[in-house]
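Number of protein chains: 2
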Amino acid sequence: MTIDARRVIADLRELDRLTGGPDGARRVCWTKEWLRARELLRERLEDVGGVAVAQDEAGNLWATLPGDRDGTVAVGSHLDSVPNGGWLDGALGVMAALEVLRAAAADSHRHTAALVDFADEEGARFGRSLFGSSAVAGTLDTRAIEGLRDAEGGALGEVLAEHGVDLERTTAATARRESLIAYLELHIEQGPVLEGEGLPVAAVSGTFGVERYRFSFDGQASHAGTTPMDMRRDAGLAAAGTALAVEQIARRHEGVGTCGRVDLEPGIPTAVAGRADLLVDLRHAQGEPLAAMLAETRAEAARAAAGRGCSMSDSELWRIEPISFDGRLVTAALEAACTGRALPSGALHDAAEMARHLPAAMMFTSSTRGISHAKEEDTPEPDLERAIDAFGRLALRVLRGEVLG
Amino acid sequence: MTIDARRVIADLRELDRLTGGPDGARRVCWTKEWLRARELLRERLEDVGGVAVAQDEAGNLWATLPGDRDGTVAVGSHLDSVPNGGWLDGALGVMAALEVLRAAAADSHRHTAALVDFADEEGARFGRSLFGSSAVAGTLDTRAIEGLRDAEGGALGEVLAEHGVDLERTTAATARRESLIAYLELHIEQGPVLEGEGLPVAAVSGTFGVERYRFSFDGQASHAGTTPMDMRRDAGLAAAGTALAVEQIARRHEGVGTCGRVDLEPGIPTAVAGRADLLVDLRHAQGEPLAAMLAETRAEAARAAAGRGCSMSDSELWRIEPISFDGRLVTAALEAACTGRALPSGALHDAAEMARHLPAAMMFTSSTRGISHAKEEDTPEPDLERAIDAFGRLALRVLRGEVLG
Numbered sequence: 290m291t292i293d294a295r296r297v298i299a300d301l302r303e304l305d306r307l308t309g310g311p312d313g314a315r316r317v318c319w320t321k322e323w324l325r326a327r328e329l330l331r332e333r334l335e336d337v338g339g340v341a342v343a344q345d346e347a348g349n350l351w352a353t354l355p356g357d358r359d360g361t362v363a364v365g366s367h368l369d370s371v372p373n374g375g376w377l378d379g380a381l382g383v384m385a386a387l388e389v390l391r392a393a394a395a396d397s398h399r400h401t402a403a404l405v406d407f408a409d410e411e412g413a414r415f416g417r418s419l420f421g422s423s424a425v426a427g428t429l430d431t432r433a434i435e436g437l438r439d440a441e442g443g444a445l446g447e448v449l450a451e452h453g454v455d456l457e458r459t460t461a462a463t464a465r466r467e468s469l470i471a472y473l474e475l476h477i478e479q480g481p482v483l484e485g486e487g488l489p490v491a492a493v494s495g496t497f498g499v500e501r502y503r504f505s506f507d508g509q510a511s512h513a514g515t516t517p518m519d520m521r522r523d524a525g526l527a528a529a530g531t532a533l534a535v536e537q538i539a540r541r542h543e544g545v546g547t548c549g550r551v552d553l554e555p556g557i558p559t560a561v562a563g564r565a566d567l568l569v570d571l572r573h574a575q576g577e578p579l580a581a582m583l584a585e586t587r588a589e590a591a592r593a594a595a596g597r598g599c600s601m602s603d604s605e606l607w608r609i610e611p612i613s614f615d616g617r618l619v620t621a622a623l624e625a626a627c628t629g630r631a632l633p634s635g636a637l638h639d640a641a642e643m644a645r646h647l648p649a650a651m652m653f654t655s656s657t658r659g660i661s662h663a664k665e666e667d668t669p670e671p672d673l674e675r676a677i678d679a680f681g682r683l684a685l686r687v688l689r690g691e692v693l694g
Numbered sequence: 290m291t292i293d294a295r296r297v298i299a300d301l302r303e304l305d306r307l308t309g310g311p312d313g314a315r316r317v318c319w320t321k322e323w324l325r326a327r328e329l330l331r332e333r334l335e336d337v338g339g340v341a342v343a344q345d346e347a348g349n350l351w352a353t354l355p356g357d358r359d360g361t362v363a364v365g366s367h368l369d370s371v372p373n374g375g376w377l378d379g380a381l382g383v384m385a386a387l388e389v390l391r392a393a394a395a396d397s398h399r400h401t402a403a404l405v406d407f408a409d410e411e412g413a414r415f416g417r418s419l420f421g422s423s424a425v426a427g428t429l430d431t432r433a434i435e436g437l438r439d440a441e442g443g444a445l446g447e448v449l450a451e452h453g454v455d456l457e458r459t460t461a462a463t464a465r466r467e468s469l470i471a472y473l474e475l476h477i478e479q480g481p482v483l484e485g486e487g488l489p490v491a492a493v494s495g496t497f498g499v500e501r502y503r504f505s506f507d508g509q510a511s512h513a514g515t516t517p518m519d520m521r522r523d524a525g526l527a528a529a530g531t532a533l534a535v536e537q538i539a540r541r542h543e544g545v546g547t548c549g550r551v552d553l554e555p556g557i558p559t560a561v562a563g564r565a566d567l568l569v570d571l572r573h574a575q576g577e578p579l580a581a582m583l584a585e586t587r588a589e590a591a592r593a594a595a596g597r598g599c600s601m602s603d604s605e606l607w608r609i610e611p612i613s614f615d616g617r618l619v620t621a622a623l624e625a626a627c628t629g630r631a632l633p634s635g636a637l638h639d640a641a642e643m644a645r646h647l648p649a650a651m652m653f654t655s656s657t658r659g660i661s662h663a664k665e666e667d668t669p670e671p672d673l674e675r676a677i678d679a680f681g682r683l684a685l686r687v688l689r690g691e692v693l694g
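Chains A and B are the protein sequences, given in the same order. Count along the first sequence from 1, then add 289; that gives the number in our numbering. Count along the second sequence from 1, then add 289; that gives the number in our numbering.
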């Protein structure tokens with residue numbers, strides 16, 4: 290029995306019919322629609338036969354198909370979506386993993402196969418992304434998140450309890466990784482690179498490191514009509530100059546740099562901004578150029594501030610080191626993809642958390658116009674088929690022990 | 290009897306004691322504190338003797354002291370303040386006008402003197418500034434403002450009714466200007482120019498014209514991690530480039546140009562901005578350079594947009610032509626100031642509305658560090674004395690018919 294990519298696409302269409310619609314996917318974690326998605330997954334898993342399904346302490350769903358070799362190879366992603374999300378983000382990897390289990394069920398002399406559907410990868414309701422996978426990786430700090438509330442004021446702990454998850458005990462999910470020898474994930478690229486190169490599928494070499502900072506500029510709020518240009522201390526223009534510098538810095542280092550939010554105070558058209566808060570997100574696949582990008586951004590922000598009589602300070606919002614996937618798995622993914630292309634992932638994925646402790650790798654399929662986290666998210670069906678097929682071949686080789694030895 | 294500047298300062302201190310405090314002035318129009326301020330003014334006017342006090346259809350307070358020459362010279366400003374405002378903005382002009390009435394009461398062979406305290410110059414509660422003076426000038430469009438509500442949802446019409454003002458009948462206030470032959474106003478500069486030049490008082494030559502526009506940039510929202518720099522259509526950077534261009538344009542034309550607010554969408558640190566709305570406020574004392582500033586801003590915005598694959602559109606938010614005050618009155622104000630300095634006003638004032646129909650002029654006194662609309666607003670007492678004295682001399686000359694003949 291081999292991989293049937295058309296069956297995976299049919300499962301995805303059915304999932305979309307149940308939990309999507311004209312406004313996009315509605316599978317926000319810890320909601321009824323998310324439970325409905327898992328219900329479909331459980332129904333499909335029952336049909337495979339011989340699969341044991343369980344939810345771990347962090348709400349991750351594990352479906353295990355025993356093998357006759359030691360060790361477990363996990364394949365998966367996440368069923369949860371952002372509000373008005375796309376039909377493929379996360380769901381593709383879970384449904385492809387389901388197909389891997391189907392194919393593995395007919396295969397002998399292999400490791401145990403485990404499908405994992407990680408809980409709350411998106412963090413759409415409470416703002417903490419990679420919830421389930423970081424619990425398994427042991428990087429979830431429950432103290433830091435116990436105070437989180439959703440937009441309606443619902444407390445994280447109470448909402449989790451409704452879903453059979455005790456926030457205090459989520460760290461016990463780390464036990465799940467003890468038997469794991471590899472983690473594999475198929476995902477859409479969520480960017481325009483593969484489409485631009487005309488490639489349906491590629492290996493992923495690792496995930497970008499991220500330095501996310503708030504740069505604050507303090508000048509002097511003053512009247513837009515009465516303050517001559519040469520007597521201004523305009524914090525907003527210092528931020529504007531910094532945003533343009535970030536773009537040049539990112540280009541120079543072949544990374545990415547984004548200023549997606551800026552807040553001016555008092556923030557009215559009739560006042561020079563006395564304060565500006567600029568959020569800067571810098572990413573690079575390698576640590577050294579990433580550090581250089583941050584240092585240069587600091588220097589340019591200080592220069593922009595000084596040039597306008599403003600002061601500048603910065604504070605770290607979030608950071609993660611670049612993560613390289615396992616070399617043997619990346620090579621095998623390249624072989625399976627047959628496109629000779631490996632690219633780093635600019636977005637974060639559950640695989641980045643898993644890669645902290647075990648050999649992990651990902652494959653990407655193309656994203657139409659690079660759009661994701663939106664109802665327009667799509668991938669041409671021929672690309673989906675090629676990618677599901679290639680990912681299935683990779684997973685079956687790893688399950689047979691042909692890659693990691 | 291002549292002008293007693295110290296009495297004016299004492300009146301201002303008493304007003305501040307009653308309606309100000311550690312958080313600044315609390316005289317927002319159509320509130321109890323504003324009524325308390327008017328109560329103090331009415332008490333002081335009673336002490337003058339021979340003064341008839343009335344509220345017009347737009348809520349403006351008129352205190353009239355009959356003269357023996359035809360025509361009425363109005364002197365005034367506004368008692369209302371922004372929330373947490375300063376003690377001098379508006380109040381200085383009203384209390385100085387009170388002193389003019391005191392001095393005029395002892396004077397014979399003069400025009401009728403009228404103190405006017407315009408209602409809602411600031412527009413702090415409903416967002417429509419110059420309310421009372423524009424009603425008198427006939428430029429208040431009641432249809433356009435009848436739907437306004439305050440932050441608590443209170444309807445403009447209902448709040449006005451509580452203060453004896455029928456929104457439908459405000460236009461009847463235009464009758465007030467029939468007898469007027471001149472309008473004079475003393476105000477703080479609200480900018481740093483006079484302080485910078487070491488001058489306590491100056492004549493005001495007119496008010497800046499204003500072109501206030503929204504520039505909207507449409508690009509493509511995309512993932513901050515997965516979208517390579519050369520595949521972005523970043524609307525936020527187009528806005529940043531435009532803001533920096535506005536600064537250069539304003540400098541080149543010796544006007545002022547401000548970008549005090551920008552809104553990015555989706556407005557999160559992990560997404561390239563697909564849309565940016567930039568509010569641009571351009572001001573100049575002359576119409577021709579102001580028009581050039583707008584044209585150049587449009588061209589630079591279009592260039593910034595095109596350079597990043599964005600589209601650009603602009604829409605007018607508000608505009609007013611530059612207004613020149615009456616030449617004879619400005620000359621007399623220069624003589625009274627004895628500093629040889631006349632400067633245009635970058636801020637709008639009730640005088641700009643009055644100047645549409647009759648000879649008007651203003652005088653400015655210095656503003657410490659140029660700060661206004663804040664509790665820190667201040668003017669050194671010696672400057673206040675010089676300015677009140679100079680303004681009083683100007684007003685008495687105009688009342689005696691020595692300036693307009």
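Don't read these hints as lab results, they were simulated from the structure. Hints are not guaranteed to be accurate.
Cut-off 20 Å, straight-line C-alpha distance, at most; resulting in silico cross-link-like pairs (DMTMM-like, lysine to aspartate or glutamate) [unchecked claim]:
1. B:Lys664 x A:Asp507
2. A:Lys321 x A:Asp336
3. A:Lys664 x B:Glu303
4. B:Lys664 x A:Asp305
5. A:Lys664 x B:Asp507
6. B:Lys664 x B:Asp312
7. A:Lys321 x A:Asp507
8. B:Lys664 x B:Asp396
9. B:Lys321 x B:Asp293
Q: Measure nothing beyond the straight line between the CA atoms of Lys321 of chain B and Asp293 of chain B; if it is 20 Å or shorter, mark the hint as holding.
A: Violated: Lys321 of chain B and Asp293 of chain B sit about 30 Å apart, past 20 Å.
**Q.** Holds or violated: Lys664 of chain B to Asp312 of chain B, with C-alpha atoms at most 20 Å apart
**A.** holds (6 Å)
Q) Given the hinted pair Lys664 of chain B and Asp396 of chain B, is their alpha-carbon gap at most 20 Å? A) violated (37 Å)
Q) Is the Cα-Cα distance between Lys664 of chain B and Asp507 of chain A 20 Å or less? A) holds (19 Å)
Q) Does the alpha-carbon distance linking Lys664 of chain A and Glu303 of chain B stay inside the 20 Å limit? A) Judged against 20 Å, a Cα distance of about 62 Å means the pair is violated.
Q: Starting from Lys664 of chain B, check that the Cα of Asp305 of chain A is at most 20 Å away, please.
A: Answer violated: Lys664 of chain B to Asp305 of chain A is near 57 Å, above 20 Å.
Q. Is the straight-line distance between the alpha-carbon of Lys321 of chain A and that of Asp336 of chain A 20 Å or less?
A. violated (23 Å)
Q) Does Asp507 of chain B lie within 20 Å of Lys664 of chain A when you go C-alpha to C-alpha? A) holds (19 Å)
Q. When you check the alpha-carbon spacing of Lys321 of chain A and Asp507 of chain A, does it fall within 20 Å?
A. Since the Cα atoms of Lys321 of chain A and Asp507 of chain A sit roughly 46 Å apart, the hinted pair is violated (cutoff 20 Å).
Violated hints, in rising order: 2, 3, 4, 7, 8 and 9; the structure is consistent with all others.
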